[in-house]
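*Asks:* Using the sequences and the hints, build the whole thing.
Chains as they are written, first to last, in my numbering: chain R, 1 to 354; chain L, 355 to 617.
Keep in mind the hints are simulated off the structure, nothing from the lab.
Fair warning: this is a prediction, and the values are worked out from it, not measured in the lab.
It is possible that some hints are incorrect.
To be verified - Label pairs and their calculated CB-CB ranges:
hint, chain 1, residue 1, chain 2, residue 2, range
1, L, Thr510, R, Phe327, 51 to 59 Å
2, L, Leu418, R, Gly117, 37 to 45 Å
3, R, Gly117, L, Leu422, 56 to 64 Å
4, R, Gln76, L, Leu418, 53 to 61 Å
5, L, Leu418, R, Ser137, 49 to 57 Å
6, L, Gly526, R, Ala17, 32 to 40 Å
As the list claims (entries may be wrong) - On the chain R side, residues computed to face chain L include the following (Cβ under 8 Å):
hint, residue
7, Phe15
8, Ala16
9, Val20
10, Phe89
11, Ala105
12, Pro152
Note that CB positions come from ideal geometry on N, CA and C, so glycine has one too.
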Amino acid sequence: MADPFLSIQNIQKTFAATTVVKDFDLDVGRGEFVSFLGPSGCGKTTVLRMVAGFEEPTAGAIVIGGKDVTRLKPNQRNIGMVFQAYALFPNLTVAQNIAFGLKVAGVSKPDTEKRVGEMLSLIKLPEFGDRFPYQLSGGQQQRVALARALAPKPKLLLLDEPLSALDAKVRVSLRDEIRAIQKDLGITTIFVTHDQEEALSISDRIVVMFGGKAEQVGTPFEIYNRPQTRFVANFVGTLNVLEGTVSDASAGKVRINSEDILVKDKLNGSRTGDTLSLALRPEAIALGRRAGHDAMLNGEITDVHFLGSVIRVKVGVGGSTVSLDTFNNPSTPPPKVGDRTEISFASGDLLVLH
Amino acid sequence: MKSGRFWAWVTFAVGAAYFFIPLIATLEFSLRMRRGTYSLDAYRVVLGDPRFQATFTYSVVVALLTILLGVLIVVPTAYWIRLRMPQIRPVVEFVTLLPLIIPAIVIVFGYIRMYGSSSPLPFLANARTTDLLLVIGYATLALPYMYRAVDTGLRTIDVRTLTEAAQILGAGWTTIIVRVILPNVLIAVLSGAFLTFAIVIGEFTMASLLNRPAFGPYLQNIGANRAYEPAALAIIAFAITWGCMSVIQVLSRFAPRPANRPN
Chain R
1 MADPFLSIQN IQKTFAATTV VKDFDLDVGR GEFVSFLGPS GCGKTTVLRM VAGFEEPTAG
61 AIVIGGKDVT RLKPNQRNIG MVFQAYALFP NLTVAQNIAF GLKVAGVSKP DTEKRVGEML
121 SLIKLPEFGD RFPYQLSGGQ QQRVALARAL APKPKLLLLD EPLSALDAKV RVSLRDEIRA
181 IQKDLGITTI FVTHDQEEAL SISDRIVVMF GGKAEQVGTP FEIYNRPQTR FVANFVGTLN
241 VLEGTVSDAS AGKVRINSED ILVKDKLNGS RTGDTLSLAL RPEAIALGRR AGHDAMLNGE
301 ITDVHFLGSV IRVKVGVGGS TVSLDTFNNP STPPPKVGDR TEISFASGDL LVLH
Chain L
355 MKSGRFWAWV TFAVGAAYFF IPLIATLEFS LRMRRGTYSL DAYRVVLGDP RFQATFTYSV
415 VVALLTILLG VLIVVPTAYW IRLRMPQIRP VVEFVTLLPL IIPAIVIVFG YIRMYGSSSP
475 LPFLANARTT DLLLVIGYAT LALPYMYRAV DTGLRTIDVR TLTEAAQILG AGWTTIIVRV
535 ILPNVLIAVL SGAFLTFAIV IGEFTMASLL NRPAFGPYLQ NIGANRAYEP AALAIIAFAI
595 TWGCMSVIQV LSRFAPRPAN RPN
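*Replies:* In structure tokens, the structure reads:
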């Protein structure tokens, strides 16, 4: 990235003898929405806390807007942050909570009142200024927390799993609201989550983290469709993994369940006779033959789950089980367990896991 | 079930009688100063006594200073321990309990030896510095109550997240303690403050051995030389203590309510 707004340069964090973040490197452009996605303990929150200034990196540097902030205290960084636990001040009303950062910054009373009004409108709670946090639902509290973080016009917005404590419906609507506000304000945002659907739906780019390292950085499309490591492939989305043997390395052929599948240039140096793990997303597989699908495998239906608009079918292929999704069609009965079937896919959709 | 309830009431009645009968007897005795009829003469005499007014005022001022010192020491300490050094909490709790184990007379003799007029820190050299030493001594005596009250208050809020939320909004430590932490533990602090007040108002040993004109030594002096007035003073002291307890109860209704926290 030519001129990154946030530059995290080879940071490392060690607690006692444990290194929780290892050589983490990332550039974030101005106005970009980047999500840190990973399982618990992968170091995503620690990186966020280092950006906020709550933790000091053991090594490396953090640069925001061209200024090295690595050793600056959190209250000197002009960053907004929303916490998982809301963290509204219980003794202050909604309006006073939103005004807190402005008062600390010494903004005049009329300007503070104007800004608080703007923020209340932004989060669509204009009538809630006089309420106390305990009088709000979880979703409303988190919107107030977002308004409070944005009120002092921070350079950077950090969101630490802000939706994980909310129920599913509120989570989806608030996630869309956050993204709309972020786009509207054009504020550079880092979003920490362990929910892949959340990350895929609102991010410009996703950093998938594991074991304190960035496994892969890419757009949601790239992360989902072109995972570069086995961890990313397994962590993001549902994945069918088939074991195959390279039958002809020069021709790019892999044998799965006595069928030769052409994977062409994806062998990545594997030789004839090598065993490979091949992965396929459920939506890339079809029951029966389909135009554009050049690879075919035979199997037996072992399970059928009716999920409403989608039917998830499990097919036993050799020693493996493959999951695939088909749309529900009211005029066609769902497949039956025990039926012999063919499944097809485009060999180009196969991912070779290394 | 019914039998258990019966014995519970019996136990309650015995306890109440143990507590209230001497109190009622004292009250009744305090009203008998005028021969053959009940009157408030003893209270009139006590409240009209210039020494009562002087010693009571002195003790109230000392109590207020003790509360101020206690709050200044305990609130930042308890806050910092919860925030940054939770591992030393058991040690600090033990230290704050020491004034309950070590008698006040031992503490005051230690003070007299340590801070005599020939020591490098001659607190006992004049009346004002002795008053200061008395305030410090009382803050020590009240420490178990003040620390526990504040620590309990801090337990009801998410100290770390609230601190970080204030920090990221630009607040420094003073702003965080004064505008975020203190208002949210104010009721707990007031509970500690009223307990401190109740302790200081009736304290005898330290004030007497440091020779200060406090309410405790005055109570003792009146008790040794008069008949009805000590009973009236005991009732007044009870009323003050109960008044403090009632104020704690009333104030606790106005405590900031914690927001719905996520699970």
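*Asks:* Next, verify each hint and record whether it holds.
*Replies:* Okay, the hints, checked on the actual structure:
no., hint, verdict
1, L/Thr510 - R/Phe327: 51 to 59 Å, "52 Å, holds"
2, L/Leu418 - R/Gly117: 37 to 45 Å, "42 Å, holds"
3, R/Gly117 - L/Leu422: 56 to 64 Å, "39 Å, violated"
4, R/Gln76 - L/Leu418: 53 to 61 Å, "38 Å, violated"
5, L/Leu418 - R/Ser137: 49 to 57 Å, "43 Å, violated"
6, L/Gly526 - R/Ala17: 32 to 40 Å, "33 Å, holds"
7, Phe15, "14 Å, violated"
8, Ala16, "13 Å, violated"
9, Val20, "18 Å, violated"
10, Phe89, "6 Å, holds"
11, Ala105, "6 Å, holds"
12, Pro152, "7 Å, holds"
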